[in-house]
Each structure stands twice: as C-alpha cells, then as structure tokens.
Amino acid sequence: KAGVTQTPRYLIKTRGQQVTLSCSPISGHRSVSWYQQTPGQGLQFLFEYFSETQRNKGNFPGRFSGRQFSNSRSEMNVSTLELGDSALYLCASSLQGAGMNTEAFFGQGTRLTVV
Amino acid sequence: DQQVKQNSPSLSVQEGRISILNCDYTNSMFDYFLWYKKYPAEGPTFLISISSIKDKNEDGRFTVFLNKSAKHLSLHIVPSQPGDSAVYFCAARGTDKLIFGTGTRLQVFP
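Residue numbers (our numbering), protein chains in the order written: chain A, 4 to 118; chain B, 386 to 495.
Keep in mind that the hints were calculated from the coordinates and are not lab data. Being a predicted model, the structure only gives us computed values, none of them experimental. Don't take every hint at face value.
What the hints assert, rightly or not - No farther apart than 27 Å at their CA atoms in a straight line, the calculated lysine-lysine pairs in the DSSO-like style are these:
#	chain 1	residue 1	chain 2	residue 2
1	B	K456	B	K441
2	A	K60	B	K422
3	B	K422	B	K439
4	B	K390	B	K441
5	A	K60	B	K441
6	B	K456	B	K422
7	B	K390	B	K456
8	B	K453	B	K422
9	B	K390	A	K60
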C-alpha cells in the first residue's frame with residue numbers, strides 16, 4: 004500500500020508570507036501528526052489530528068495551524084513566516100494515534116526555507 | 386524543557402564493532418519507547434520499541450535496553466554496518482503523542 008505522501012517536497016518563501024503544506028496518510032489511518040525538525044532540536048511536536056479534530060497540540064505559536072479533511076488528508080498552515088520557521092516539516096500517520104501504542108509512519112517531509 | 390535527551394550529537398564506529406546510542410528521559414510516566422532511523426531526504430522509519438514493563442528487546446542486530454530507575458535507554462547495534470549510518474532518534478510515548486530526542490548521527494566507517 005502507498006506510504007505517507009507530503010507535498011511539496013521543497014518550498015522557498017519570503018518573510019511575512021504564508022504557506023500551506025499537505026499530508027496524505029496511509030489509507031485507513033485516521034491520525035495525522037505534524038513535527039518540525041531543525042538542527043539541534045530534534046523533532047518538535049506541532050499537533051495531531053484525528054477524525055478531523057485536533058486532539059493534541061505542542062508549544063508553537065498560533066501562526067501554526069492545521070486541519071484534517073474527511074478523507075484524513077491533513078494540511079498545515081504557517082502564517083507571517085519568520086526566518087526561524089525554516090525547517091523540515093514531517094507528518095506521521097497512524098491507525099489510532101502515536102499515543103495509542105500504534106506505530107507511526109512518516110512521510111519524506113517538506114523542506115521549507117524562509118528568506 | 387527537553388523531556389527526552391540524546392546527549393551525543395554524533396558517534397563514529399568502525400564496521401563490525403558495536404554501536405551504542407544513548408537516550409535519557411525525565412518523565413517517569415512514559416510507558417513506551419521507540420527508536421527511529423532517519424536517512425537524509427527521507428522521513429524517519431521505525432526501528433525497534435520497548436515497553437516499560439520490559440528491560441530488553443531484541444530484533445536481529447538491534448537491541449534496546451531500558452533502565453527505568455536511571456530513566457535511561459540505549460540502542461545497541463551489533464555488528465555495525467556502513468548502511469547503518471544515519472541519524473537515530475529515540476522517542477517516548479507521552480499523553481497522546483510521541484516526544485522525540487534531538488537525534489544522534491551515527492557514522493559507520495570501513
């Protein structure tokens with residue numbers, strides 16, 4: 004079966020702009036989590052969506068938001084981009100959610116560069 | 386506040402030798418731990434996990450040890466192979482989410 008698909012793979016944006024990233028989970032998976040990876044910070048949890056509802060949220064400012072559609076596809080939006088938002092954004096899909104002892108499968112990520 | 390810590394950002398090991406990657410955590414409520422491997426330009430892939438009710442789990446060349454009293458876990462790779470060169474993340478299951486460490490870059494040289 005197809006894996007987790009993230010689009011686009013690479014993105015360059017200017018400070019102050021906004022960006023939308025997309026994640027299509029594995030078929031049948033209802034949970035999608037988003038992470039930010041920066042050098043030296045590991046994977047920082049952004050939020051998790053399950054059945055179109057945000058179930059959990061990390062410590063990121065309100066500029067970071069997301070949503071999930073009825074087909075479980077998820078989008079993440081970052082508004083008023085800052086240079087520090089440059090990172091690899093990863094999404095992970097799982098059947099019930101990473102907190103439910105089900106394995107999380109990651110996409111290849113979207114590399115966002117803010118200039 | 387980093388609840389999961391990997392204090393060694395990098396590790397270099399000769400092919401055939403043992404690689405030991407370490408991870409410390411602060412929250413005694415964590416009940417499940419995982420290791421992920423990440424190659425450049427790819428997402429992390431699940432490697433091995435351990436429940437807090439165990440102190441060891443083995444899968445082929447990979448063994449994870451858990452010391453709950455010390456809040457410490459380690460991943461042993463024996464024997465190490467050049468294809469093992471990657472960034473390794475440990476993760477702990479918190480309330481409805483996985484909390485990741487900062488990663489250790491392992492390089493296995495011939």
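Practice item. Any hints from earlier that this structure breaks? Give me their numbers in increasing order, please. Key: When the structure is compared with the hints, only number 5 turns out to be violated.
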